[in-house]
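Note that the protein sequences, when read in sequence, are chains A, B and C. When the count follows my numbering, it moves up by one through the first sequence with no breaks and lands on 278 for the last residue. When the count follows my numbering, it moves up by one through the second sequence with no breaks and lands on 1269 for the last residue. When the count follows my numbering, it moves up by one through the third sequence with no breaks and lands on 2639 for the last residue.
Hints are computed from structural coordinates only; laboratory data are not their basis. Hints should not be assumed to be uniformly reliable.
Unchecked claim - Computed list of chain C residues with no C-beta within reach of chain A, every gap over 12 Å: (1) Ala2185; (2) Met2295; (3) Ile2405; (4) Ala2452.
Claimed, not checked - Computed list of lysine-lysine pairs in BS3-like fashion (alpha-carbon distance at most 27 Å, straight line): (5) A:Lys264 <-> A:Lys227; (6) A:Lys227 <-> A:Lys164; (7) C:Lys2406 <-> A:Lys41; (8) A:Lys41 <-> A:Lys247; (9) A:Lys209 <-> A:Lys125; (10) A:Lys209 <-> A:Lys164; (11) C:Lys2480 <-> A:Lys81; (12) A:Lys247 <-> C:Lys2406; (13) C:Lys2529 <-> C:Lys2517; (14) A:Lys125 <-> A:Lys103; (15) C:Lys2480 <-> A:Lys79; (16) C:Lys2529 <-> C:Lys2516; (17) C:Lys2480 <-> A:Lys264; (18) A:Lys79 <-> A:Lys209; (19) A:Lys264 <-> A:Lys201.
From the three backbone atoms N, C-alpha and C, an ideal C-beta is built for every residue, glycine too.
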Amino acid sequence: MTFGAILAIAAPVLADILKINGSTTVNLPTAEAAEILRAEKAMTIQIDTQGGSAGGISALGDGQVQIGMSSKHITEQDKLKYPSVDFVETHIGEDAVAMIVSKDVWEAGVRSLTREQLADIYEGKITNWKDVGGADRRIAFFNKEPGRGTWEVFAHFVYGNARKAPPVSFPEVGGNEEARNKVAGTRGALSQLSSNWADGKQVFALSIKNDAGEEVAPLAANIANRKYPMSRPLFLLTNGAPSGDAKVFIDFVLSPRGQELVRKHGYLSLDQMVVDGK
Amino acid sequence: MLKLAQDSACCSTETVSPAVLEARGLSVSIAGRPILKDVNLTIQPRQVFGIIGPSGAGKSTLIKCFNRLIELTPRAVVSGDITFNQGSILSGALHPDDLRVRIGMLFQQPVVFPKSIYQNVIFGVRRLRMVSRRALPDVAEAALREAALWEEVKDRLTDSALKLSVGQQQRLCLARTLAMQPEVILMDEPTSALDPRSTEAIEQLMLRLKERHTIVLVTHNIGQARRVCDWLACVCVNNGVGEVAETACCDQMLDNPCCQAVVDYLKRN
Amino acid sequence: MNSPAVPITDTYSVVAPDRRRWSYTLVFSVIGTAVTAGFVVGMVALFAWQTLPVLSHSGLGYVTSNNWHYRQQMFGALSMIVGTLLVSAVALCVAAPVGIGAAIITSEFLPGRARLMVKIVIELLAGIPSVVYGLVGILYLRTFVYDTFESFDLHSGDTILTAGLLLAVMILPTVMTLSDDALRAVPALQRQAARGLGLSRLSAVMHVALPQARIGVIAAVLLALGRALGEAIAVFLVVGRQDNNLPTQPFTLRPLLESGQTLASKLGGAEINIAYGDPLHWAAVVGLGLMLLVMVGTVTLLAAALTSPKSAASPPQPVENAPKHARPTKTHSTKGTSDALLTARLAQEPAVTRLPKRRKWLERFSIGSFAACTLLATGVMLAMILAIFYRGSSALSLRFFTEQIKLVGADGGIFFNIIGTLLLITTALCVCTPIAVAVALMQSVYLRERAARGLGMVLYLLNGTPSILFGLFGLVVFVKFLGWGKSWLAGGILLGLMMIPIVTVALVERMKALPKKYIEAARGLGLSKSQTVWSVIIPQSRAGLVTGSLLGLARAAGETAPIMFTATIFAGAMFPRGIVESPVLSLPYHIFILAQDSFDPRVGEKLWGTAAALLMIVMLLSLIALPVRLRIHEEAVSA
C-alpha cells in the first residue's frame, strides 16, 4: 500500500529524466553530448553502462531507459524476447573492432592475422605466436565478455554469426580500459578492442589479412569503404521513433556538433562514411 | 631491632647452614608507587619460612620477587638484591625461566590448565623436556604421591582436571610443581580458597615436604603459621610502604613480638 | 487507586500510574525482530524459488558439471564452486598464520600503547572498501604476481593466486582482531602459572594461552573464511573471470596460477544484466547466489555454534593423548598405604629429572616471525593508504569536491558522488537504527537463553551474508517485483539491512555491560519493563548505538555490490526527485566503473582521487568511533 502511494507520487517526476544505458563504446560521445545538453538545455540525463550493448538492449526492452546504446544490430532474438517493443536504430557513427596486441608481439613482427588464424586461436588450435609468424610465446588471449558489441562484431566476422561461435574458456575482459590495461601489461597478449583505443605505444592494432593476401589496417579510409571487415555501426536505440527528450538528444548527436564529438573519440562520423544507402 | 629478634636464640635451628634465599635491601615499586622498602631476609634450607602481615602490605609482591615472577607485572621495578644459593638472581647469570624451575610456586587460587589430570602433572617437565618421554608416567605418579593425591586420582588420570574439587586442584598444582623437583616452593596463601579439610591436607604436606624442600609460605592465618612455620617474617605498612617489621622464629614472633606493628597486627587477628 | 486518605502535601497530588496490559515497546521490538528474521528467511526462500527453473532444466548437473555457456543454455557451475574454494583456501593459508601470529604479538607481547596503535591500524585496515582493494590489486598485485611467477609462463597476472592474496589482505583484520580477543580472554592467571613452572613467555603462550583460545581462534578463521567466500568486487577485478577453467593438474601450483571464476565474481559481472529477461538464465544466475549463501551460511553458523555461550559454559574439554604408560602403575599402586609409599618415595634418589632443555633459537625464530607478521599486516595497511593518498593527492582540490563529473570521469569532480553516497548512508542509518534498537531489546531484555541464542544466530548469519547477495536480493525485490528501477531508497534500505548486525551487536554488548543495579533501582520505583527500557537501558547504551552506527556507516559507505544493481549509476544523476527510477551517483561505483573503463589518462588521477575521498569518509567514520569502541571492547573482553 505504501509502495503504491510512493509510486503515485513518483510517477509524474519521471517524464523529466532521460535515461540511457548500454555500450561503453557508444557511451563516450553520448556522455559528452549529455554533459553539453545538461548545461545548455538544463535537461536531466542519466547515463549508465551496465552490461554493454546487451545491457542497453534489455534495459530498453524492460522499459528502464528511453535510449539504449548499442554497438551491434538488434537481432531477431532480441525482438522475440521483447515482442511489445519496437526497436528503432539510429545510426550515429561507425567504429572498427581491432585485434590488439601487446608491444612484445608487435615488435616480434606480427602485423596481421587471417580469419582462419583468428578462428584457430579462438578455438585453441593455435596457442603460440610462433605459429602465426611471431616469437615463441604463449598467446594470452583475453576474450571480450559476453554481451559486449565488440565481441559480437568479432564473432560475426570469424564465424559469420555470433550464435555459431563455439563455447570457449578464456579469461574475460569487460570495459575498454580494462582490456587495454590488461593487454598492455601482459606479454603475448591479444584481445578484441575498439580500434581507436590502440594507442600505438602500449597496445597495437593488427591488420586483417584478407583472402587476397592483402593486409587491411583498421584505418578510417578502410572502415569507410568497408574494406576492413570488423567494423560496426554505433546506434542509439529507441522504442518507436524518437520523441520528446530522446528526440532532442538524438538530434543533437546527429547535428554537426554531436558528430564532432563522435570524431573526437576516434570513431567515424556519418559524413566520413561512404554511405551506401543501406 | 632486627638484630635483636634474630639473635634471640629460641629455636632449634641454631646451626647456621648457608642460606638458600637471601634478600638484601630489596625495594619494589609498581608504576612509580613504592610497594616494598628495604627488605632484608634470610631463609634457611629445609624450613617452612612464613611471611605474615596485614593484607595489602606487599606479602604477595615480596614472594613473587624470589622467582622473579614480579617482572610479569607491568611497570614493576625491583632494586636491591636477592641471592639464591649465594648467587644473585638479579645479576642475569641465571635466566629467570630457569630460576623458576628451581623455585616453584603455588598460587592463592589453584590454577589448573583445562587438560587432563595427567597432562597437568607432567605439563612442566614435558614442555621443558626435563625427563625422557618414557619416564613421564613414573614422574607423574611420584609427583602425585608426593602431593598425596595419587590414591584419589589414580583411576581417572585422563579425566579433566577441572572436575576435581578445589582442594584436589591445589594439590594437583603442587604435584605439577613437585614434578620439576624444585629446591624451593613458594606458596602464596595456598589454602585461602580451600575448606578446612583440604587446608589440613596441605598443611600436613608442607611439614613432610620440608624434609627435602625449602618452603616460603605467605599466610594470613596465624594458626596456620603456628602449625607449620619454623621462621616468620612480618610485613607491615609503614608510611604507606611495606617493610619487614620483624623476623624471628615462630614461637618467638607469635608469643613475644618485639615490634609494636607486629603486636598490633597479631592483636587484630 | 484512591487518593491517599491523609495527603502528605497540598502542593501536588499523585495520579495512579497508567498500566497497560501490553506495551508498545514489546510490539516495536517484535516488529523489528520480525523484519530482521523475515529478511534472512525471505532471502533464502526467494533465491530458492527463483532457482527452481534451472534445477528442472539442468538437474544435478547444475552443480556437478563444468560447462557454463549461457548462449547454448548450458549451466554447469562446477568450475565456479571450485574457483571459490581455491581462492578462499589461498586467502586462508596466508591470512590465518599471519593473522594469528600477529595476534599473538599484539595480545601477549606488545605493551599497552603499542598494542593500541596496532589495533587502530588494523581497525582502519578492516574499514577499507573492497573496491579500493580491487583497485590496488589491479595496479600493483597483478603485476607483482605476473612478474614473480614469470617462469611458470602465466597467461596473465589475473589468477586465482592474485585474488587469493588480495582476499588474504582483506580478511587479515578479521582473523587478527578476533584472535586477539580470544587470546586476551584467557585468564592471566593461567599464563602466570605456566611462567611459575619455568616456561618461557612464548611457551606459556603457545602451550597454555593458545590452546585455550583455540575455539575463539577457529571461529575467527571461519568468519574470515565466510568473508573470503563471498567477496565479489575485489575478486572480480583480479581473478581473470575465465569460465569453465577447471584445474587439470591438482597437487601442483598450476591451478593457482590460472585465471578462474568464483560464484561471487560471476554475480558481480555482466551476466546479471544479460540474464535479466530470460527466466532460465536468470534462475541459473540466482542459483549461484543460493549456492554462495549456503556455503557462507554453513561456515558462519559453524563459527557461531562454536562460540555460543552454551559450548563455552560446558567446555568440551577434549582430554588429549591419554598416557599410554599410565596403566602399569596400577599394578604396584595396590601395595601399602600412601603414607608408606610416600616415605619410600622420599627416600629414593630423585628420578630421571634433568636440566630443562630450551630451544632458544626456535624461540627467537618464532617470536621473530610473529613480529614479522605484525609488521607485515600493519605495513601493508600503511603502504596501501599512503599509495592511495600519494596517487590521489594531485586530483584533490576544492573543484574536485564541488563540481560534477565531466568527460566521462576525466574532468570535473565528484560532488554528486559524495552527495549520493551521503544520501545512501543517511537513509541506511534511518532504516537501520529503529530495527537495530528493536532487535537489541529483544535480544537482551525480552528473550532468554535459547531464544536469544537463536536470534544471535540470525544476526551472525546476516552479518556473514555476502554483500553481493544483498544486491541480488534488491535486484529481485525492488527492481523486478516493485518496479522501482534504480532507486536511492532501495540502496539505502539494502545498506541499512546490512548494518543491522553491526549496530545490534554493539548495542547488545553495551546493554549486557549495564550494571544490574540501575535496572533494579528503576524497577524498584515501580517502573514497568518498557518504562525501564526507555528511561534506563537505552539512554545508558547510547555509546553502543553511536559507535555501532558509525562502524556500520563506514562499511555501508564503501560497499559497491549492494547498490550497483539497485541504486547507483555512473553519470547524470543529481538530487533524486522521487523514489521510483531515482538513482544517485556514488563513490564506490564510480571507482568500480572507472577501474574498468576510462579512455583518458586523466581518468587515472581522478580515479585515485575518488578512492582517496572514499577512504577519507570511511576512515573518518571509523576514527570517530574508535576511542569509545576500544574502551567498550576492552571492558567486554576483560569482563
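Quick rundown of the hints versus the structure:
No beta-carbon of chain A is positioned within 12 Å of the beta-carbon of C:Ala2185; the least distance is around 45 Å. Every Cβ of chain A is farther than 12 Å from the Cβ of C:Met2295; the closest lies at roughly 23 Å, confirming the non-interface assignment. Look at C:Ile2405: its CB is around 8 Å from the nearest CB on chain A, not clear of 12 Å, so calling it non-interface is violated. At roughly 31 Å from the closest C-beta of chain A, the C-beta of C:Ala2452 stays outside 12 Å, upholding its exclusion from the interface.
Among the hinted pairs, A:Lys264 with A:Lys227 is consistent with the structure: their alpha-carbon atoms are about 23 Å apart, no more than 27 Å. For the given pair, A:Lys227 sits about 23 Å from A:Lys164 by alpha-carbon distance, which is consistent with the 27 Å threshold. Between C:Lys2406 and A:Lys41 the CA atoms are separated by roughly 16 Å; this keeps the pair inside 27 Å, and the hint holds. Restraint check for A:Lys41 and A:Lys247: satisfied, since their Cα atoms lie roughly 13 Å apart, inside the 27 Å limit.
Taking the CA atoms of A:Lys209 and A:Lys125, the gap is about 19 Å. The hint holds against a cut of 27 Å. Of the pairs offered as hints, the one joining A:Lys209 and A:Lys164 holds, with about 22 Å between alpha carbons and a cut-off of 27 Å not exceeded. Between C:Lys2480 and A:Lys81, the direct Cα distance comes to roughly 16 Å. Compliance with the 27 Å bound is thereby established for this hinted pair. A distance of roughly 23 Å separates the Cα atoms of A:Lys247 and C:Lys2406; the hinted pair therefore holds under the 27 Å criterion.
Note on C:Lys2529 and C:Lys2517: the hinted pairing holds, with a Cα-Cα distance of about 14 Å set against a maximum of 27 Å. Between A:Lys125 and A:Lys103 the alpha-carbon distance is near 23 Å, which keeps this suggested pair within the 27 Å criterion. Straight-line distance between C-alpha atoms of C:Lys2480 and A:Lys79 comes to about 20 Å, which keeps the hinted pair within the 27 Å bound. Only pairs whose Cα atoms come within 27 Å are accepted, and C:Lys2529 paired with C:Lys2516 is accepted, the gap being roughly 13 Å.
For the suggested pair C:Lys2480 and A:Lys264, the alpha carbons sit about 38 Å apart, so the restraint of at most 27 Å is broken. For the proposed pair A:Lys79 and A:Lys209, the alpha carbon gap of about 35 Å is over 27 Å, so the pair is violated. Straight-line distance between C-alpha atoms of A:Lys264 and A:Lys201 comes to about 19 Å, which keeps the hinted pair within the 27 Å bound.
Hints 3, 17 and 18, counting from the list given before, are not met by this structure.
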